[in-house]
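S.K.: Position chain Z against the provided structure of chain B, taking the given hints into account.
So the sequences go chain by chain: B and Z. For the first sequence, the working numbering begins at 1 and goes up steadily by one. For the second sequence, the working numbering begins at 1 and goes up steadily by one.
Possibly wrong hints are sitting among the right ones.
[Unchecked claim] So the derived label-pair ranges between C-beta atoms look like this:
(1) B/G132 <-> Z/R342: 43 to 49 Å
(2) Z/R342 <-> B/R99: 54 to 60 Å
(3) B/G132 <-> Z/G434: 39 to 45 Å
(4) Z/S142 <-> B/S92: 38 to 44 Å
(5) Z/N214 <-> B/S92: 29 to 35 Å
(6) B/R102 <-> Z/G434: 56 to 62 Å
(7) B/G132 <-> Z/R182: 29 to 35 Å
(8) B/S92 <-> Z/R182: 19 to 25 Å
(9) B/G132 <-> Z/Q68: 16 to 22 Å
(10) Z/G434 <-> B/P232: 56 to 62 Å
(11) B/R102 <-> Z/Q68: 39 to 45 Å
(12) B/A51 <-> Z/Q68: 40 to 46 Å
(13) Z/R429 <-> B/G132: 43 to 49 Å
(14) Z/P293 <-> B/S92: 35 to 41 Å
Everything labelled a hint here was simulated from the structure, so no lab data went into it. The model shown is predicted, which means the values in this text are computed figures rather than measured ones. Beta carbons are placed, not taken as given, at the ideal position from N, Cα and C, and that holds for glycine.
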Amino acid sequence: MTTRTKNKSLRSIIIFRVAPAAVLLLVVVVAFTEYQISKTIRQEIQGRVDASAVHVANAADIELDAILSACQAVADNDMVVNGIVDLEHRQSTLLSYFRSLRLPGPNQQRVTMTDYKGRVIASTLSNSPGYGTSTWFNQVMAGEQFIGTQGSELIVAAPVEYSNRAEGVIVAVFEIDEFFRGHFPTPNSEAVVFHTEGSVVFSTKPKMLPLSEEFLPPPDWLLSTAQLSVLPQLKVSYLKSEQAAMSAAFAVNLSQLIQLLVFLLALVASIWLAAYLASEPLHQILEQVGEIESTGDLRLRVDQDGPKEFQKLSEGFNNMLKKLERSTVSLEQYRVSEERLALAIQGTNDGLWDWDLKTNKVWYAPRYKEMLGYQDHEFPNELESFQAHLHPDDEEDTWDAVKKHMEEAVEYDIEHRLQKKSGEYCWFRARGAVVKDEHGNSIRMSGSMQDISERKQYQLTLERSNRDLEQFAFIASHDLQEPLRKVTSFCELLQQENWDQLNREGKLYVEYVVDAAKRMRSLVQDLLTFSKIGSDGIKRRTIDAEAALEVALSNLETAIDESEATITFDRLPRLFAHEREISQLFQNLIGNAIKYRSERKPVVHVSVASKIDEWIFSITDNGIGIAPEYREQVFGIFKRLHSRKEFSGTGIGLAICKRIIEQLDGKIWFETSSEPGCKVCFTIPKRNTKFTSIQPVGANHEFNPVANPSSTG
Amino acid sequence: MQSMKMYNTKKCDIGRFLATLTISIVFVLGCSKTRKTGSLESDAPRPSTESNRNDDEPPETKPEPFTQNREIENSLIIGLDADMSSGSAQSGLAIMRGASLAIEEINANGGLLGRPVELVVRDHRGNPDRGVDNIADFSDMSDVLAVVGGLHTPVALRELKTIHENEMIYLGPWAAGTPIVRNGYTPNYVFRVSVRDEFAGGFLVDQALDRGFNHIGLLLERTGWGRSNEVAIQNALKDRGREAANVQWLNLGETDLSLQIERLKTGGAECIILVCNPLEGKATLQWMARQAPDGRLPILSHWGITGGDFVGMTKDYLSQVDLSFLQTYSFVQRKNEERSTRLLRAYMNRFDECKSAHDIFSPVGTAHAYEIVMMLAAAVEKADSIERPIIRDALENLENYQGVIRHYEAPFTPENHDALTADDFIMARFGVDGAIEPIVELEN
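Next up, chain B with everything else stripped away, as it sits in the complex:
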């Protein structure tokens, strides 16, 4: 079927395959029905003919029985019995009695009474022949009744008994024709009564069936014959010509044929409609599917209209599309990941490893072995190979990390030293992840190894130079403060002890010196602060940014109060950083926002957005803003855009901020905003933070300075 129906539309299949079969079936059914109807009508008519025959036979039987009974009653009449003996009585009474008789049966009745030898005693016939020679006579004389035919006559005879013996006979004679004519009241009925020996004794259509002819039913006539029980020698045959009989069947068949035609038309129309209804939604689906196929856009969906089945089909198709889309995305992601991985592997020259925890077999990539200076075959794929090359000082940390990773899901990202073939130890960064089975059991662990010995070298160098620089800056700052204190001390002495000795110019110069010394001192302190960032030896820890902000706001309390600033902030995350530095960061940035305010009261908002691997903080104000061309410049140390007279400050605040952020591997920048004011953004990577429960999005906290009692003054 599938091959045969290939390339054919559903509609054509239904119309050209189903329709002929249905039509054929209908024709067969109708033909069968026609046959059955004809058969039934034929049977019905046959039944009617049968019933007519039986009816006539029964009616004739009843009448014959009645005639017989009546004759017997006549014979039993004592007047008739008396007539056997009394001649005078016979002639006077019997004849008039017989003439007055109204026997059942045809009107024309001939009653004869004979003596015991069949000689006529009395008769309504003028020339009654007598019945002594009739074959039945002796039997009637033996006491039996007789009913039979003789030529065209029906003879009914009953014995006249006296003292238990037949002494005479009453004979009633009827014309058979008259007798049966009364039983065929319908002139159109076609019936024949015939003797069992073959002679026709009566027929409703004499011309058709002459009495003299031996009865032969016409060949194409329906015939039913019933035998009389009172007179079994006679049979009644009812006839009906098949042509006449089947005219009714023909009428029925004609209407049946018309019905068939109507049915056929209806059937064809129904099939066409069914084909249309069935194929139309399919066509729509097919069109949409074709569109999806041609565009390749898996986001498209098929309309879920139409009948339930098509809805389900569309739904299924759509579900399939969804799955396909997801799979495609996953595949794409996978492909990207694969490419990235390949690039990463290629770019980083990482050495891959895969540790089967069950067998303790470890697959080391050739690059891994190469990094350690081995040929592939020189470094067996066993755990022992790794253990043997691990620096004894790093052993404990390494296995601790593995254990924590497996048990506590702490990220496995450690640095350790491995011994190369040459014998020297080199630093490697190892990262990896455990793979668990469905029961949560660790089955394997795989990862990569990166040679960081060079970076480690740089790092060590940098740390050394930084330490030197910081030492220098610290010493310089510290040492610079000593002469500065002396200048300041002596200037104060001058103002206290020799102030009057100075002239106006002298006094002015001293004030300049004191002012410059103070500024110098401020500069040195800021420089000291700046130099201390990242070098005070305090380790980073997980801190609450909100707490840091609050410390900053507390420090800025006076400025906030003075400027009547409104500070709002989102719910801030926890960060892995120095709390003092983050606090300093917020203090500098918010302080700037307040400091560089416009005529309006400052409104500052601190918000945070979470990205995949970093937080993006932004601090928006409604201040005077900053021209785009200066946005990089302002982060330089001791860079000022405004004179000291317009805005106080040393010009080191944003440099400190930049330095704090860079220490955390983040970035800081100014963003262009259509709103008046300024928007400074900075990022802090999540990598070194642990976020357990804090979700920053949507939370909004307001720092209300009014609520602070110190701000009311």
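M.R.: Coordinates of chain Z only, in the frame set by chain B:
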């Protein structure tokens, strides 16, 4: 072309409808009887069994074999044409016994003219047509001396023509119709030793009048015999200055006579003179017995009722009706003692079941038949010929004949072929044993 269907008719002669008061269920109770079939030729005696007998049917005389055709070569034949099987079959049998006893006596004495005499019997069943045929049959036989007739006047009347056409001597031992003898034929071949209705009418009227019944009703069978008697009785009444209170007729075979009896009673009849044969007599008695006891009319019957086993037929109600009837002779009270006793002995010798005179049924039939056959024998001897005209003449000329019934100076004369007169009549009743007993006191 002839076809036939024979039926054993089922007659429903009783149909009764019983209805309950609460539910209208109709039960049709019917008893049907299958018609008995017998040989078409009625000459054969009919077999019968007592168990088959219905009360409504006449009892049948015990069949006794008889000869239907000549059996003895060279015999002289005396025919018997009587009812041997129908309602009056007992009369036929009684006649046959009388004739047989006579013939046996004749044969014992050497026969007639040196030839044995044989009785050939034909049964006419009371049917005149059969009787006529029987006479014709006898006429066709050779050496038939005479035919002894039976009880039925209608049969005899219808036979007259054939009798005289064939010059057949007809000896009447029973049938009493006046026109049988006074038949208008010359020469008259009919001789009778029996009652003559003409005399019987007067006798019965006198009997009724003697008993004090001034209003006499008549119930007669609608036959020649009935009409013969009606004429006789009406004449007798007329002679005595009276009229019949009422005259009713009955058909042979008629069983419901309630209407006739009712009319007789309303007609003022104090008694009924009944003229019919046993079957109709039985019906009359039956319907009379059904009247209230004080409404039952005494019945003075002609003797036709004694032709059958009337006592057997009517035993249930015979005693309830005052019935007396005409008789001529009684073996119980024998008139001609010597000859009567001889005949009685012969009878008892011949028929084992007969133990006394009371056992002789239909005694008049036997006595009359014996008497008339013996008269025939005497006439044949006297004629010395078997030519019937000669014998007939001899019969007319018998003289001083000593019979069983009485002594006849001349039983028959050319003018009178009735041997008996009203003087020979007696009234009788059925005794408790069923025997016919003369009513003696009436004679006193």
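S.K.: Look at each hint and say if it fits the structure.
M.R.: Comparing the hints with the structure gives:
1. B/G132 <-> Z/R342: 43 to 49 Å: Given about 47 Å between the Cβ atoms, the range holds.
2. Z/R342 <-> B/R99: 54 to 60 Å: Distance hint for Z/R342, B/R99 holds at roughly 58 Å.
3. B/G132 <-> Z/G434: 39 to 45 Å: Given about 42 Å between the Cβ atoms, the range holds.
4. Z/S142 <-> B/S92: 38 to 44 Å: holds (40 Å)
5. Z/N214 <-> B/S92: 29 to 35 Å: holds (33 Å)
6. B/R102 <-> Z/G434: 56 to 62 Å: About 47 Å separates the Cβ atoms of B/R102 and Z/G434, which means 56 to 62 Å is violated.
7. B/G132 <-> Z/R182: 29 to 35 Å: Holds, since B/G132 and Z/R182 (Cβ atoms, about 34 Å apart) stay within the stated range.
8. B/S92 <-> Z/R182: 19 to 25 Å: holds (23 Å)
9. B/G132 <-> Z/Q68: 16 to 22 Å: Because 21 Å falls inside the window, the suggested range holds.
10. Z/G434 <-> B/P232: 56 to 62 Å: violated (50 Å)
11. B/R102 <-> Z/Q68: 39 to 45 Å: Roughly 43 Å apart at Cβ, these two residues keep to the hinted range, so it holds.
12. B/A51 <-> Z/Q68: 40 to 46 Å: violated (56 Å)
13. Z/R429 <-> B/G132: 43 to 49 Å: holds (45 Å)
14. Z/P293 <-> B/S92: 35 to 41 Å: Holds - the Cβ-Cβ distance for Z/P293 and B/S92, about 39 Å, lies within 35 to 41 Å.
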